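Trainee: Each chain, letter by letter, is given below.
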Amino acid sequence: MARGSVMRERIETLARGVPGRFGSALHSERVAARLGLWLGISFTAAFVTGLFSHFTQHPPGRLAWPSRPVGLYRVTQGIHVIGGLATIPLLFAKLWTVYPKLWQWPPFRSFSHAVERALVLVLVGASLFQLITGLLNVSYVYLWPFSFPAAHYWTAYLLYGALVIHVVNEWAKVRRWLWTREEVEPRETVTARRRFLGTVAAASGLTVLFTVGETYAPLSGLALLAPRDPRVGPQGLPVNRSAAAAGVTAMIHDPGYRLTVTGAVGTPLSLTYADLLRLPQHTVRLPIACVEGWSAEAEWSGVRLRDLAAMAGVAPDAVLTVESLERGGGYRSSEVRAPHWGDPLTLLALRVGGEPLAPDHGFPVRLIAPNRPGALQTKWVSKVVAA
Amino acid sequence: MKNGVNAPRLLGYGIGGGLVVTGLAGLVVDARLTDPLGWALWFGGLVVAHDGVLVPFVLLTGVAVGRLREPAPVRAGLIVAAVLSFLALPMVTGFGRRADNPSLLPLDYGRNLLVVLGLIALVTAFATIAVRLRAGRRRG
Numbered sequence: 001m002a003r004g005s006v007m008r009e010r011i012e013t014l015a016r017g018v019p020g021r022f023g024s025a026l027h028s029e030r031v032a033a034r035l036g037l038w039l040g041i042s043f044t045a046a047f048v049t050g051l052f053s054h055f056t057q058h059p060p061g062r063l064a065w066p067s068r069p070v071g072l073y074r075v076t077q078g079i080h081v082i083g084g085l086a087t088i089p090l091l092f093a094k095l096w097t098v099y100p101k102l103w104q105w106p107p108f109r110s111f112s113h114a115v116e117r118a119l120v121l122v123l124v125g126a127s128l129f130q131l132i133t134g135l136l137n138v139s140y141v142y143l144w145p146f147s148f149p150a151a152h153y154w155t156a157y158l159l160y161g162a163l164v165i166h167v168v169n170e171w172a173k174v175r176r177w178l179w180t181r182e183e184v185e186p187r188e189t190v191t192a193r194r195r196f197l198g199t200v201a202a203a204s205g206l207t208v209l210f211t212v213g214e215t216y217a218p219l220s221g222l223a224l225l226a227p228r229d230p231r232v233g234p235q236g237l238p239v240n241r242s243a244a245a246a247g248v249t250a251m252i253h254d255p256g257y258r259l260t261v262t263g264a265v266g267t268p269l270s271l272t273y274a275d276l277l278r279l280p281q282h283t284v285r286l287p288i289a290c291v292e293g294w295s296a297e298a299e300w301s302g303v304r305l306r307d308l309a310a311m312a313g314v315a316p317d318a319v320l321t322v323e324s325l326e327r328g329g330g331y332r333s334s335e336v337r338a339p340h341w342g343d344p345l346t347l348l349a350l351r352v353g354g355e356p357l358a359p360d361h362g363f364p365v366r367l368i369a370p371n372r373p374g375a376l377q378t379k380w381v382s383k384v385v386a387a
Numbered sequence: 388m389k390n391g392v393n394a395p396r397l398l399g400y401g402i403g404g405g406l407v408v409t410g411l412a413g414l415v416v417d418a419r420l421t422d423p424l425g426w427a428l429w430f431g432g433l434v435v436a437h438d439g440v441l442v443p444f445v446l447l448t449g450v451a452v453g454r455l456r457e458p459a460p461v462r463a464g465l466i467v468a469a470v471l472s473f474l475a476l477p478m479v480t481g482f483g484r485r486a487d488n489p490s491l492l493p494l495d496y497g498r499n500l501l502v503v504l505g506l507i508a509l510v511t512a513f514a515t516i517a518v519r520l521r522a523g524r525r526r527g
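In the order they appear, the protein sequences are chains G and D. First residue of the first sequence: 1, per this note's numbering; consecutive thereafter. First residue of the second sequence: 388, per this note's numbering; consecutive thereafter.
To be clear, the hints were calculated from the coordinates, so they are not data collected in a lab. Remember, predicted model here, so these are calculated numbers, not experimental data. Don't be surprised by glycine CBs; every beta carbon is placed ideally from N, CA and C. What you were told as hints is all true, and nothing was included just to trick you.
Distance ranges between label pairs, derived from CB positions:
hint	chain 1	residue 1	chain 2	residue 2	range
1	G	179	D	501	41 to 47 Å
2	D	517	G	201	16 to 22 Å
3	G	10	D	501	46 to 52 Å
4	D	512	G	65	50 to 56 Å
Okay, chain G solo, but in the shape it has when bound (with noise of 0.2 Å):
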């Protein structure tokens, strides 16, 4: 009993020893103020961007999203990725800032300190998980049994709730490091902060700067560490998922290829390759904005999907659900709602830059609608079904 309690005392003491063995002065309320102020920041922009990607590509009831302004979903989602990766380094920096109070002793002073830390834990946890799941996601690893955008839409309210419940917890903390200023600190201990902080914050610059040209033309050729080039792919343009794995190279050049628009139309149509080349044609600029945060810009021409509508007798609110060759997957159809299929810039796109689509770009017809995420510009379209 007695060499027991000794036991327990020298761990004990080892134990509280632990946090005062943390000798930089950076592991600092004050650094963690400033770092909990920009990650506050970068979460909020995630989950405010990765809600407005949700709901386009799953509205909820009869609602529909506005066709315009044409790049918006493309802007939002290169702020949903590019600033997630750029949040990995504060993440990380916050993380080593508070470590030592991981090894505070006693664990749990009370009850509610418990139901705290564990809410900690939670915050903790999803960070990690949102930011580094999603890091492999947009690099193509995918070494997880779950759906990623499932898995990553749900965790998302876990980190949020969990961080709203830490900023109310720490928010005294805020105010006092960020918004008084009272005893005079040691000039070391100033410019050792604000070197740490430049650091981190170069960090996340260089980051953004080598991983936007993905999706800001302007700086491609900076993007050093993105998993994409706008530039690289068949007829210049990056391709997600090939004719060949959706399995439709055989389909796609079948002779017996028809369009037909049906559903709730007065008139049912169907219309061969050479039919869809005589109908009146259009040229616009859209890019193609993918959720993994890339996109590129192309010039589409083909038919305007309104005035297939109105050559059937589409009502003017219906839904209409355009449908590809594919047999299978979860990108076969989308749906498109009025405000877009009445956009003159929404083509059944027959060419993309004067040429015939290539097969992984949809040959022979792909939709393209401005503001739209672009696993939802169906390829490889075989029909439009009016609701």
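Assemble the complex: chain G is given as a structure, and chain D must be docked to it using the hints.
Mentor: Frame of chain G, contents of chain D only:
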């Protein structure tokens, strides 16, 4: 939970708690897609890998760098280099490449990372020399 309870605080806990519950419920209800066990392994695994491996490694490196005569530029250079290497690692390994789609991961990421690390090393070296010269002048 520390500074007494007031209305904004309760509102914050309400919103935060509601979001946490929404997230947990979604992960469970959507289990077919979220695979809660696989999710939990990733969630816990990342925390353990970060707190148990990455941070201790960074702390030890920090102690070693602290013994240098002019640690500040080296410390900054290593932080930036480590972050960019971490970012590039999944692309450098090329796990995500697919034969049918050469537009995925189209660059030579190994070479690009070396270029970036070379630039960082260069800036670090110049900064170290500058700091030493300044220190020498002050002493002299």
